Amino acid sequence: MPELPLVGIRVLDFTWVVAGPVATRLLADYGAEVIKLERKPGPPGSRQTGLQGDLHRDKRSIAVNMSHPRGVEIARRLAQQSDLVIDNFSARVMRGWGMDYASLSQIKPDIVCVSMSGLGHTGPRASYVSYGPTLQALSGYTLLMTEASGAPAGFGYSYADMAGGYTGALAALLALWHRRRTGRGQFVDLSQFEAVVSVVGPALLDIAVNGRTQEAPNFRSQELPAAPHGVYRCQPRDGNQDSDDDRWIALAVRTQSEWERFVVLLGAPAWSRDLRYRTLYLRIRNQAELDAHVTRWAAEQQAEDAMARLQHAGIAAGVVCNGADLCARNPQLQARDFWGTVTLPGGAATHVTGLPARLSATPGSIRTPSPLIGSANDYVLGDLLGYSAAERAALVEAGAVWN
Amino acid sequence: MSDSATPFPGALAGLRVLDLTDYRAGLAGRLMADMGADVVKIEPPGGDPGRRIGPFVDDRPHRDRSLFFWFYNLNKRAITLDFGRDPGRELLLRLIDSADIVIENFKPGRLAEMGLGWEQLHQANSALILLSMTPFGQSGPFRDYEADDTVLAAQGGMLYVNGWPGRQPVRPLGLQSYHAAAYFGAIATLCALFARDRDSRGQWIDLSMQEATACAVEHVAGSYFGEGRIEPRRGTLHWSRYFRVGRCRDGYIMHCTLGDWTSLVEWVAADGKAQDLVQPQWEDVLYRAEHAEHLFDVLDDWVKDYARDELLERAQALRLPYATVRSPEALFADEQLAARGYFVEVEHPELGRSFSYPGAPYLFSGSPWRVTRRPPLLGEHTHEILREELGLTTAELAALTAEGII
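Order-wise, the sequence lines are chains A and B. Counted the way the working numbering counts, the first sequence spans residues 1 to 403. Counted the way the working numbering counts, the second sequence spans residues 1001 to 1406.
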């Protein structure tokens, strides 16, 4: 197996829920030794399959009671042997344990601490309780997740947790790189709210500079102008699940030559010669009427076939993939072997999300399933921290460690 | 703007990035520039097509007034160079000699056709890291396919799960496939820097925007692989079934049933709106998820006469994770963002104005995010870089201009 790029970096991981584990999962996939410190018992439900399996793979787990002084002592000793300590609590939690940057830098001067709290450690709302869905509501995404007009129609999931997770991984790597270059540690105060606000994009400058009230983008192009541009319903598939019958194609016709090829592909229908569709400017102005024609065409198409024919004509198009399309029958993702596989302790295999960036010499890898809670107790307490078997048994007896 | 003489350089200070991308992949270099890398954007003589995308300052279209371009190119320098032909290609190779990172988003194979493929670049500079960001990656049956952000959102599974059941999928605000890809690109580049630190060798990063999008959809793959379930569109009901949008008398709020249940139900009961929620089975968080539709219907009836800000303040005082569903305009009046200095004033001297830019998503105590320069005008640094770094003379620059190379 090729070397992993982050080999030699050890992470003491206090994160939980979604955003924090997304960040440390990326570090783990690329080779950092991530030691997840957690309570026992954990939250209900399996954590070896589904999202939970995805979030914690390639990590180790120790079960340490931070309400016990000897549990805190274990965590502090482990921090001394770590490069990065990361959490997604509000400010008071790590401070209460003496695990904040000010305390840890006393015993490990070059430690890097990244805290991924909801709204940051400072400011009048620092103590607000939040989750990804509430942060994307505060940021403007939810209000503008609508059809042409009307009430919010999404999200069906938390994008804020993913954006926060990627920002967290990047923050950790930037601070570790700075330390590699200078020998100095530091504290990174990451606000998940600010992380998701930062990916709103140019709309924020439109507000700041032009004072314009933003409308729901829906399928108005937010990049190069295009018309037609949107999603169009295709013929149902005779699927096993109802939701599998719900077929759509997304397409974007941008340039004049794309439009001419699009018309040929449609068989040059009479309506396509209408002067109202002669230029891109006119097609955008008359988009509603144009969409009605494209909608009638799409309804006769099989989505995969339409995608192939449009792409062969050089027109941006793609099936609106549902879970089965994405995970089991996307020709591109299959050909690139995107989905990873891990073998669970019982021997069964489960698929997990892959890595979208492939490094030619030191690719990341997916190695081990989500760990059972406390499964690395012996390695961490014994091999790393030097507690004897008898001392480890005493720690369990005292309630500082869960077996 | 921050003082460039500050004692703390950014984390990527000393790194030279050549950014050959257009508007679809500009954010990756921006993330590096914000942290101190010297990012030189190399545009064709006509400019990045992103300069033609609106909105524009005062709605007056101009290549140096595109807010779209500004967002993706803050802190970069920019030169124009047609490197598709000599001597432009040779000049690019000379710049690559001293570069650490090249970012590009040409169609797969296009750089190699120009004699600038990975093998050639690696031979020219064995420590160079090449980040290639393409819609579908460098291999596979779709590698030559066309895509914009909408098609990527479709092919990455992001579109299907947003919107109402039975109705058309709905797209999010912002180009989120491009944005997710940019973060993965920056993360992978940092990983390559750590690897290079050990053996002085660069490598080629093949990033698929489709795959980045698939990662950025929280639940679809987990539900499919874990339970064989195709996630449907659910309107505003979060797939975990603990969040749904409700309507107050003056706008929307986000309900959350993961906070302290006793506090919530006592409050609702005090308002005379608890209906059956006082029954003990609702104390079980899994029961609340299982019966989410009824639960949120009861809570919707409870909040409908509240003003949303009042509801938010009272909920947060009880540590209930409620939020208001706000417009993006509200961010500019947000006390928390203001207190943390999130928005940053950036001067544009040629316009005689300064503008408020969205700022840092993270506060670094030792190697800060900062604004060092406003987004570049077209070709603003061409002479500076070609003259000072490559030693070209005024006559040579004039000849290149006459040939349309710069």
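No lab work stands behind these hints: they were computed from the structure. Do not take every clue at face value.
[To be verified] Stretch-level coverage of chain A by chain B, calculated; a stretch enters the list once three of its residues show a Cβ under 8 Å from a Cβ in chain B: (1) 49-62; (2) 324-331.
[As the list claims (entries may be wrong)] Simulated restraints on C-beta separations: (3) B/GLU1119 x A/SER46: 40 to 48 Å; (4) B/PRO1044 x A/ALA335: 25 to 33 Å; (5) A/ARG220 x B/SER1126: 25 to 33 Å; (6) B/GLU1283 x A/GLU289: 53 to 61 Å; (7) B/GLU1090 x A/SER46: 30 to 38 Å; (8) A/SER67 x B/GLU1283: 17 to 25 Å; (9) B/LYS1107 x A/ASP337: 30 to 38 Å; (10) B/GLN1281 x A/SER67: 53 to 61 Å; (11) A/SER360 x B/GLY1404: 52 to 60 Å.
[Claimed, not checked] Partner residues aside, some chain B positions facing chain A, computed with beta carbon under 8 Å: (12) TYR1023; (13) PRO1169; (14) LEU1390; (15) THR1394.
From a predicted model like this one, the values you see are computed outputs, not experimental measurements. Don't be surprised by glycine CBs; every beta carbon is placed ideally from N, CA and C.
Violated hints, by number in ascending order, as checked against the structure | Hints 5, 7, 9, 10, 11, 14, 15 contradicted; others consistent.
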